[in-house]
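Dock chain B against the given chain A, drawing on the hints supplied.
Here is how the chains run, residue by residue.
Number of protein chains: 2
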Amino acid sequence: MTQEKELSSVTKWSIRMADGSSEALAPEAGLPCRAWIALKSMIFGLVLEVSNFFKKAWHLGHNEPRKVIHCLKVGMALTVVSLFYYTRPLYEGVGGNAMWAIMTVVVVFENTVGATICKSLNRICGTFLAGSLAIGIHWIASQSGDKFEPFITGISVFLLASAATFSRFIPSVKARFDYGAMIFILTFSLVTVSGYRVDRLMELANNRVYTITIGTALCTMITTFICPIWAGEELYMLITRNMDKLAYSLDGCVGEYFNGSGTSADGDKESDKKLLGYKCVLTSKATEEVMANFARWEPAHGRFNFRHPWKQYLKIGASMRACAYCIDALDCCVNSENEVPELIKKHMSNISLKVSSESSRVIKELARTMKTMKKSSTIDFLVGDMNSAILELQEDLKSLPNSFINLQPLQEAECPEKKNIGAVALMDIIPLVTLASLLIEIAARIEGMVDAVEELAELSEYKSVADEKKQHQPISKTSDEHKEEV
Amino acid sequence: MTQEKELSSVTKWSIRMADGSSEALAPEAGLPCRAWIALKSMIFGLVLEVSNFFKKAWHLGHNEPRKVIHCLKVGMALTVVSLFYYTRPLYEGVGGNAMWAIMTVVVVFENTVGATICKSLNRICGTFLAGSLAIGIHWIASQSGDKFEPFITGISVFLLASAATFSRFIPSVKARFDYGAMIFILTFSLVTVSGYRVDRLMELANNRVYTITIGTALCTMITTFICPIWAGEELYMLITRNMDKLAYSLDGCVGEYFNGSGTSADGDKESDKKLLGYKCVLTSKATEEVMANFARWEPAHGRFNFRHPWKQYLKIGASMRACAYCIDALDCCVNSENEVPELIKKHMSNISLKVSSESSRVIKELARTMKTMKKSSTIDFLVGDMNSAILELQEDLKSLPNSFINLQPLQEAECPEKKNIGAVALMDIIPLVTLASLLIEIAARIEGMVDAVEELAELSEYKSVADEKKQHQPISKTSDEHKEEV
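In order, the protein sequence lines correspond to chains A and B.
If you read the first sequence in the numbering used here, its first letter stands for residue 1, the second for the next number, and so on.
If you read the second sequence in the numbering used here, its first letter stands for residue 1, the second for the next number, and so on.
In isolation and in its complexed conformation, chain A is listed as follows (with noise of 0.2 Å):
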């Protein structure tokens, strides 16, 4: 018995294979070593996973400090809001109702200051609203007898629910009211549904809309006045930084394609990232939407009134990403792997050069003339100089048959089995005319972006660098100053 006990303990297990043959397999560790290292590799897996969220984390928090700002912001709300708890004649005053306001914080406090007015406007209007309407209808369930009284109530709940969740999909309530509406309903079915209950309706009423109107005055003034994150500040730096971008990325393609991919050996991952950079401008939208909705809400900060026109930032945005589109298009046909021969390379590369580089000047200006917020005296000048180096761009287009003929002998020499030079020419520089013709179009984007940028100016009343001479006329030597600083 021990003997086979013994020998079953150091059986060899074996697999037959497919072919007939069979192959060992080392013996296992026992069930205790085995559970040890899985529950080793478990732990090490879950610290390695731990600490790397708390990695990532910290880099947010490192790159990005006012998110951390922000967080400090709704732990400090929190705790002032629960004073009313903590403060005895105040908790005389609102009594156990404080909840709502602890509740309002902490569902109110959003980032950015529009998006918290916003939240805010819409919780107290909502309330109000159902509340006098909850109000009303309870008034004539309760002069309707008790036994008709619960159908009243569960049929107007059932109502008007319902077409408030309706009124959610339009498109222009949910842009605006949406949150609004959700709280209408809430507040609608908390007061018609205790109305049957509790006594006190009107009190009930009266402390809700008194402790939501705490609650969000206490979050509009932390949000406001303790580093605020203004939405429409940040819709007009994303829309600037990424006009920069744009800019980059055109220039930078252009210039890869003819001075050579394998330029920089140094920080080429930082290059290659930066050229990427018109991927931005395609992926923004719905930020820029989102943005957009929340500063309308904003009262006048720095440089920009109560009714700015946020939503030409919109327009403007379009016109970048159509430009982006083609400047994705021409990436792609930068980095084809038809190779143009050198000689007709370098024959269009000055004049593409300057297209690119006159392209994203005129960019780069609006990028000035957005964050100036100043009429550009310049921008109708290079916006001519553009088109003048498209002009120039067709001329040489024109003249490139020419210079398939001047090639051709050259080319013959190199390679004298070719017969028809003139035809695989034609061939290889279809990359090349794809980069002009796609030049010309994004030129022609450009000019859309150029009049959204211009109707932003006159919407917004930017003043013009000659207006503000005239102004410093008298003292014409800081005029000059200023002038350098612009």
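These aren't lab readings, by the way, just hints derived from the structure by calculation.
Among the hints, a few may not be true.
Covered, in the sense of this in silico footprint (three residues per stretch, anywhere, with C-beta under 8 Å from a C-beta of chain A), are these stretches of chain B [claimed, not checked]: (1) 52-61; (2) 68-75; (3) 99-109; (4) 114-127; (5) 278-286; (6) 429-436.
For each label pair, taking beta carbons as the anchor points, the in silico distance ranges come out as [to be verified]: (7) A/Q394 with B/E458: 43 to 53 Å; (8) B/T378 with A/N259: 15 to 25 Å; (9) A/V47 with B/E203: 37 to 47 Å; (10) A/S464 with B/E447: 43 to 53 Å; (11) B/S460 with A/K311: 37 to 47 Å; (12) B/C125 with A/N259: 54 to 64 Å.
Please read these numbers as outputs of a predicted model, since none were measured by experiment.
Glycine included, each C-beta is placed from N, C-alpha and C at the ideal position.
Okay, now just chain B, sitting in the frame of chain A:
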């Protein structure tokens, strides 16, 4: 006095113009009359706006009846939850906390099943976690004496609220647990702060978890069993619909260019709208991401398993967008003002149309693969056809210079004053060359789509049509019928 008064009442007002002349104004109507007109126009405007709003709402409801059904579902859920108040026995059980059930229904009930389940689980987990933590901290605080208690609770609220708010900025948390983090802050603050006053803390926390569970269970049941809208299916439909749109746009753009844009007098707007279908692909990124996020919470439904690879749909969407960028550039090049000579256009017409139709056939086949959820047996052939069409296109481009030479005498006969016809011709065919090279690029990007869809087929284990055949082999007739159906 009376004369003076009469005089003043008929005084003619006049304005002195800039050039010194003055212009008389017509006597204005009386105040009541003006007020009446203003009031009338205001009421009229209001009525018009309101009726427009309702018209829009009606259209929305008419076009998407499922949204109306969702609204009725919300109304129903709220009415059912109100029963907690109306029915005495239930009331005795849950008590005044039924309020939390109502609140849960309002907040948690979303359009799609996935969103409702996601919010429900977030709410339950957030509440439970925060509740346990709050009770623990309350116990510690109560052990440390009356003096320190408010400080400990206050500091813990501050720290945990800040930390939880920060976690909402971390992308991986935001995508899945944003709502849960908010509920965590809310519950923790409420329970901790109430703990100072309310003695029956455990009961409060217990009741809250209990009522929330009732509310979320009700929502989940109603949203899953009554006309469910699955986020996963919405995503799936969106992607397949967009694929069809992409195929139509590609085919249409090229077709419109070669077959003349002024062909369709009737239904022109309709077809224009269809041609611009690719724009839907450009703007659907945000929707896709939201849907994919919710879809992963959904149980198995219809043809989708629980662990269906929803993330792969995002990859497919991205590859479609890459394609759409190129179609956008193509659309512009098609609509450019540069006119290509008819002869050359005809020369390239057949092959370009062939490439575009082969390309769109590949896209349509991909859409069909996704619709039937079976591995396509023809996709490799179709991709081969597309690539050989591309090769033909490149051959034709190579032969173009020879066509120039053939054309030259022809065109010279027409306009003998032109010397360098060859040069003009190259300039003229630029849109055509661009179109061709964009078509080549689009074909390359379509291969990216093919890869993404094939990866999806692997991940979700689509059966191939051949496998199906094998299964049906004994009953050969039905297998054939089945094949035709597919």
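Results for each hint:
1. 52-61: Satisfied; 5 residues make the cut.
2. 68-75: Coverage by chain A holds for the stretch 68-75 of chain B (6 residues, Cβ < 8 Å).
3. 99-109: holds (count 5)
4. 114-127: Not satisfied, violated; 0 residues make the cut.
5. 278-286: holds (count 4)
6. 429-436: holds (count 5)
7. A/Q394 with B/E458: 43 to 53 Å: holds, 49 Å
8. B/T378 with A/N259: 15 to 25 Å: About 45 Å separates the Cβ atoms of B/T378 and A/N259, which means 15 to 25 Å is violated.
9. A/V47 with B/E203: 37 to 47 Å: Once the Cβ atoms are compared, 38 Å apart, the range 37 to 47 Å for B/E203 and A/V47 holds.
10. A/S464 with B/E447: 43 to 53 Å: With Cβ atoms ~52 Å apart, the hint holds.
11. B/S460 with A/K311: 37 to 47 Å: holds, 42 Å
12. B/C125 with A/N259: 54 to 64 Å: Taking Cβ atoms as reference, B/C125 and A/N259 lie about 56 Å apart, which means the hint holds.
In summary, the structure is inconsistent with hints 4, 8 from the numbered list given earlier, while agreeing with the others.
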